[in-house]
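> The listed protein sequences correspond, in order, to chains A and B.
The opening position of the first sequence corresponds to residue 1 in the working numbering, with each subsequent residue numbered one higher.
The opening position of the second sequence corresponds to residue 1 in the working numbering, with each subsequent residue numbered one higher.
Don't read these hints as lab results, they were simulated from the structure.
In this text the structure is predicted, and so the values were computed from the model without any measurement.
Be careful, since some hints might not be right.
Here are the in silico distance ranges between beta carbons for each label pair [to be verified]: (1) Pro7/B - Ser53/A: 31 to 39 Å; (2) Thr79/B - Glu77/A: 54 to 62 Å; (3) Asp70/B - Phe197/A: 55 to 63 Å; (4) Glu272/A - Lys42/B: 31 to 39 Å; (5) Glu83/B - Asp123/A: 43 to 51 Å; (6) Val124/A - Phe68/B: 47 to 55 Å; (7) Glu47/B - Val322/A: 39 to 47 Å; (8) Asp70/B - Pro311/A: 17 to 25 Å; (9) Lys187/A - Asp8/B: 15 to 23 Å; (10) Phe197/A - Gln74/B: 23 to 31 Å; (11) Phe68/B - Lys187/A: 35 to 43 Å; (12) Lys28/A - Glu47/B: 28 to 36 Å.
Simulated pairs of lysine to any residue, SDA-like, Cα-Cα distance not exceeding 20 Å [to be verified]: (13) Lys223/A - Met20/B; (14) Lys178/A - Asn156/A; (15) Lys77/B - Lys316/A; (16) Lys316/A - Ala11/B; (17) Lys77/B - Glu269/A; (18) Lys82/B - Lys231/A; (19) Lys316/A - Phe17/B; (20) Lys337/A - Thr23/B; (21) Lys77/B - Ala268/A; (22) Lys266/A - Phe17/B; (23) Lys231/A - Thr23/B; (24) Lys187/A - Thr270/A; (25) Lys2/A - Thr26/B; (26) Lys231/A - Glu25/B; (27) Lys153/A - Ala11/B; (28) Lys223/A - Lys253/A; (29) Lys316/A - Lys82/B; (30) Lys223/A - Lys61/B; (31) Lys77/B - Asn156/A; (32) Lys223/A - Lys82/B.
We treat Cβ as the ideally placed atom computed from N, Cα and C, and that holds for glycine.
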Amino acid sequence: MKIAVTGLNATDNPGPGVPVIRCLKEAKDLNAEIIGLFYDSLDPGIYMENITSACYMIPYPSGGLNELYDRIRAIHEREKIDIIIPTLDSELYGFVKLEGKLNSLGIKTFLPTVEQLNIRAKDVLFRFCESNGIKAPKNILANSLQDLYSIPKEFNYPVVVKGIFYDAHIANNFEEVKNAFNKVRMKWGFPIIIQEFLRGDEFNVAALGNGTGEMTGAVAMRKLYITDKGKGWAGITIDDNRFLELSRIVIEKTKWRSGIELEFIKSAETGEYYLLEINPRFPAWTYLAPVAGQNLPYAMIRLTLGEDVKPFSGYKIGTIFVRSSWDLISDIKTFEKITTFGEIEWRK
Amino acid sequence: MRKYIVPDTIAISDSGFLFMPSTGETFNLNKIGKEIFQMLQKGGTEEEVFKYILDEYDIDKSSFEKDFSDFVAQLQKYTLIKEE
């Protein structure tokens with residue numbers, strides 16, 4: 001079997017591709033070759049040993065779905081891909097729209113629907129949470145500088161200024177809000193989300209929904225070290241059922257079909273649990289899950305193949321990940337292949 | 001005679017490393033801190049802790065009262081114990 005995985009950007013803002021691949025390689029019952037799909041010739045996952053059998057550059061979905069489809073079809077003619085796992089938020093809409101055409105080629109996927117993606121989008125999350133009894137920080141959507149003038153009435157400073165897909169800045173006054181607004185607007189466009197800032201510890205859940213409303217598995221983690229980009233650089237699995245219950249509600253209400261990451265904050269002031277974000281794919285720390293006892297990506301492969309997957313029960317508490325920075329050494333010939341031909345084969 | 005409750009889930013190792021599974025928080029207690037915590041965990045009263053420490057270590061009662069009060073306040077702050 002051949003499984004293609006995107007998101008090989010294992011950088012300081014890491015994509016989930018490499019950890020998802022590590023999970024699949026951990027599955028003893030899975031005999032699969034991994035094909036890496038990348039957008040940038042310097043994505044570190046391309047250069048890692050024993051991660052992929054071959055890697056191929058693909059065009060960004062924003063550049064046109066036809067181009068993306070044509071490229072995948074060309075790769076498929078060579079590789080005969082059985083399953084594709086897109087792992088990046090920004091590419092998901094594109095892959096969801098291509099799902100039917102990919103299925104026609106014989107490539108299976110396990111993706112949420114456009115409706116499901118829309119429910120959890122950062123600009124409508126508050127409404128979703130409110131109607132399902134889940135606490136979420138208040139927010140306003142800004143589509144122009146003019147909208148920023150409503151902030152002081154709604155919240156106290158600091159506030160969080162967030163892009164629709166990525167990026168978040170903490171702003172302590174109106175001037176900082178304007179600066180952050182412009183930065184995010186240039187990068188990610190509108191709307192910009194202005195969110196109430198909550199103090200507290202951050203907790204994340206990696207989970208898998210089977211598409212019927214059932215949660216196949218979930219692992220909760222507390223961030224032990226957070227980078228200046230807000231990324232968890234170390235974390236520990238924890239035993240707090242409240243996070244799992246809230247994740248179960250989200251998966252049940254959305255009938256989520258795929259991997260998912262839920263980001264929570266436990267308010268230092270009130271001790272209440274707030275849902276900050278729902279990310280529509282496995283997180284970059286997914287590899288913690290199989291080590292703790294739940295191989296969620298492998299379970300997703302089994303669901304993709306139509307197998308009956310029993311929900312996981314429990315996981316090992318106190319399992320820790322510490323992310324590292326590690327230089328990969330390559331040579332100019334390899335780099336030439338990757339940049340000039342957009343592909344590299346590692347098979348011996 | 002004050003008593004304290006230690007949540008069942010809290011685990012403490014021989015080295016005094018303390019892990020709170022519900023939050024993932026970890027703490028390090030020194031030898032005496034560990035002994036006191038383990039006594040509280042086993043349901044020991046404040047009086048029993050005082051008796052043990054004053055018998056075992058070279059410290060006067062008023063100094064230990066202050067140290068114990070600070071220690072208990074720290075444990076309560078991190079929700080590692082609560083007063084019964």
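> It remains to establish, for every hint, whether it holds in the given structure.
Tested hints:
no.: 1; hint: Pro7/B - Ser53/A: 31 to 39 Å; in the structure: violated (49 Å)
no.: 2; hint: Thr79/B - Glu77/A: 54 to 62 Å; in the structure: holds (60 Å)
no.: 3; hint: Asp70/B - Phe197/A: 55 to 63 Å; in the structure: violated (32 Å)
no.: 4; hint: Glu272/A - Lys42/B: 31 to 39 Å; in the structure: holds (33 Å)
no.: 5; hint: Glu83/B - Asp123/A: 43 to 51 Å; in the structure: holds (46 Å)
no.: 6; hint: Val124/A - Phe68/B: 47 to 55 Å; in the structure: holds (53 Å)
no.: 7; hint: Glu47/B - Val322/A: 39 to 47 Å; in the structure: holds (43 Å)
no.: 8; hint: Asp70/B - Pro311/A: 17 to 25 Å; in the structure: violated (46 Å)
no.: 9; hint: Lys187/A - Asp8/B: 15 to 23 Å; in the structure: violated (48 Å)
no.: 10; hint: Phe197/A - Gln74/B: 23 to 31 Å; in the structure: holds (28 Å)
no.: 11; hint: Phe68/B - Lys187/A: 35 to 43 Å; in the structure: violated (55 Å)
no.: 12; hint: Lys28/A - Glu47/B: 28 to 36 Å; in the structure: violated (56 Å)
no.: 13; hint: Lys223/A - Met20/B; in the structure: holds (14 Å)
no.: 14; hint: Lys178/A - Asn156/A; in the structure: holds (16 Å)
no.: 15; hint: Lys77/B - Lys316/A; in the structure: violated (27 Å)
no.: 16; hint: Lys316/A - Ala11/B; in the structure: holds (14 Å)
no.: 17; hint: Lys77/B - Glu269/A; in the structure: holds (13 Å)
no.: 18; hint: Lys82/B - Lys231/A; in the structure: violated (34 Å)
no.: 19; hint: Lys316/A - Phe17/B; in the structure: holds (18 Å)
no.: 20; hint: Lys337/A - Thr23/B; in the structure: violated (47 Å)
no.: 21; hint: Lys77/B - Ala268/A; in the structure: holds (12 Å)
no.: 22; hint: Lys266/A - Phe17/B; in the structure: violated (24 Å)
no.: 23; hint: Lys231/A - Thr23/B; in the structure: holds (18 Å)
no.: 24; hint: Lys187/A - Thr270/A; in the structure: violated (35 Å)
no.: 25; hint: Lys2/A - Thr26/B; in the structure: violated (42 Å)
no.: 26; hint: Lys231/A - Glu25/B; in the structure: holds (18 Å)
no.: 27; hint: Lys153/A - Ala11/B; in the structure: violated (46 Å)
no.: 28; hint: Lys223/A - Lys253/A; in the structure: violated (26 Å)
no.: 29; hint: Lys316/A - Lys82/B; in the structure: violated (27 Å)
no.: 30; hint: Lys223/A - Lys61/B; in the structure: violated (41 Å)
no.: 31; hint: Lys77/B - Asn156/A; in the structure: violated (27 Å)
no.: 32; hint: Lys223/A - Lys82/B; in the structure: violated (26 Å)
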